[in-house]
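**Student:** Taking our numbering, the leading residue of the sequence shown gets 1, the next gets one more, and so forth.
Keep in mind that the hints were calculated from the coordinates and are not lab data. Bear in mind that the values here come from a model prediction, so they are computed numbers and not experimental data. Treat the hints with care, since some could be wrong.
Have a look at the derived ranges for each label pair, beta carbon to beta carbon [claimed, not checked]: (1) Gln-299 <-> Ser-135: 17 to 27 Å; (2) Gly-187 <-> Val-277: 51 to 61 Å; (3) Ser-135 <-> Ser-108: 42 to 52 Å.
Cross-link-like lysine to aspartate or glutamate pairs, in silico, EDC-like; alpha carbons within 16 Å at most [unchecked claim]: (4) Lys-280 <-> Glu-243; (5) Lys-280 <-> Glu-251; (6) Lys-280 <-> Glu-244.
From the three backbone atoms N, C-alpha and C, an ideal C-beta is built for every residue, glycine too.
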Amino acid sequence: MSDNTQEETLPNSSPLMSHSVDRTDELQHVASDAMPTTPSNSPRPANIYVYAMGHVEPRFPNLTVEREFAQVVGRYDTEGQTDMETMHAVLSQRENRYLVRQMCWLFSVERLPTYVLIPRDQSDWDLLVDTIRTSNQSDDLEVVVGLRGPLASPERCGGVVVPVVAFDQLYSFQRDDLLAAIPIPEGVDEGDAEQFRRSASELLDRIMQIADNSGSIDEHRALNYLSVRYPAIYATALAAHREEKSLSAVEVRPSRLGEPEVILNVVFSYTHRRTDVTEKYFVRVNVSGEFPFLVSKLQPYYER
1 MSDNTQEETL PNSSPLMSHS VDRTDELQHV ASDAMPTTPS NSPRPANIYV
51 YAMGHVEPRF PNLTVEREFA QVVGRYDTEG QTDMETMHAV LSQRENRYLV
101 RQMCWLFSVE RLPTYVLIPR DQSDWDLLVD TIRTSNQSDD LEVVVGLRGP
151 LASPERCGGV VVPVVAFDQL YSFQRDDLLA AIPIPEGVDE GDAEQFRRSA
201 SELLDRIMQI ADNSGSIDEH RALNYLSVRY PAIYATALAA HREEKSLSAV
251 EVRPSRLGEP EVILNVVFSY THRRTDVTEK YFVRVNVSGE FPFLVSKLQP
301 YYER
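Given the sequences, and given the hints that come with them, work out the whole structure.
**Tutor:** See the structure below:
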C-alpha cells in the first residue's frame, strides 16, 4: 500500500465596562507555570505536552459572572436567537472581552471533563469564542495543542478540578469537515468516495475511543496527530477493507531510532476476515516537543 499523500489534513478553524475582577494576570501566571523549564540537556519532563481531540464547553465559574453576563445580554437585541447564539454574539464583541477571560472553558474528552483551557497568547481568546456552537451539532470537534500546567482551583470552573492547559493551537471543525478534507487516494474514483469516507470514519472512531486518550501521553499525542494530519492511514484502511481485512489492533511502540529524541512507531494491524492472516503497517512520529512531526512514512512492519 503506497503513501502518495501529503501531511496537513486538518481543516482551517472558522474563526460596556464592568467592575468585575480582571483575571488576566492570574491566567498569564498559570500559562507561565505550564511552560517547560527543564534545561535542554536534562531529561524531558513527563506528560507536559497535550495534543488532544474533544469538545470545548463554556461554563460560568460562579454566580457573579453568570449574573454579569445576564446584565450585558440585556443591552442587546437578541430576538429570535437561541441561548448559544446569544452567548456567541455577546462574547464576540470586543467590549465584552473581559467576560471571555472570566469564563471557564472546559475541554472534555469522550464527555469527561479533562482540561481547563487558557491561551498562552492573549490575542487568542477569540479562538475560544469560536468554539461556541450556534446550533446543536453532535459531531463538532476541537483539537487543542499546548502545555499542561497545574490543577485548576475549584473556583476557576465551578468546582471542577482538572489540569489547566495553556494552548498554542486550537482548531474547531465538524467531524464531516475533517473527513471531507482527507484527500481521496489515487486510483479511487468518485463512485467509491463514500466507501472511503466510511473507512476513514471508522478508523477515526477507533483512535478517539482508545482507553483514556486524553492526549497527554506521548502515545496518544502521536495517534491524535496522525488522525488529523496524516491521510495515508485512512488510505491504508480503505485498501484493507477492499481486501476483506479488518483493523485488529493499533499499537504504539518506542522506536530504536529514538535516542536522544522521543520517536514512536505507530503500528496498524489488519487481519483477513477469512484466513486470520495479519499484516502490519507502521509510521514513525517524533513527539519530543510540543508539535509532533512525521519521521518516516507508512510502510510494512515486520516483527523482529
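**Student:** Does each hint hold? Answer for all of them.
**Tutor:** A quick look at each hint next to the structure:
Range check, Gln-299 to Ser-135: Cβ separation about 42 Å, and the 17 to 27 Å hint is violated. Distance hint check: the CB atoms of Gly-187 and Val-277 are about 23 Å apart, inconsistent with the given range 51 to 61 Å. Against the hinted window of 42 to 52 Å, the Cβ-Cβ separation of Ser-135 and Ser-108 comes to about 19 Å, which falls outside the hint. A threshold of 16 Å between alpha carbons decides the hint, and for Lys-280 with Glu-243 the separation of about 14 Å falls inside it, so the pair holds.
Restraint check for Lys-280 and Glu-251: the C-alpha separation of about 10 Å stays at or below 16 Å, so the hint holds. Between Lys-280 and Glu-244 the CA atoms are separated by roughly 15 Å; this keeps the pair inside 16 Å, and the hint holds.
Consistency with the previously given hints fails for numbers 1, 2 and 3, ordered from lowest to highest.
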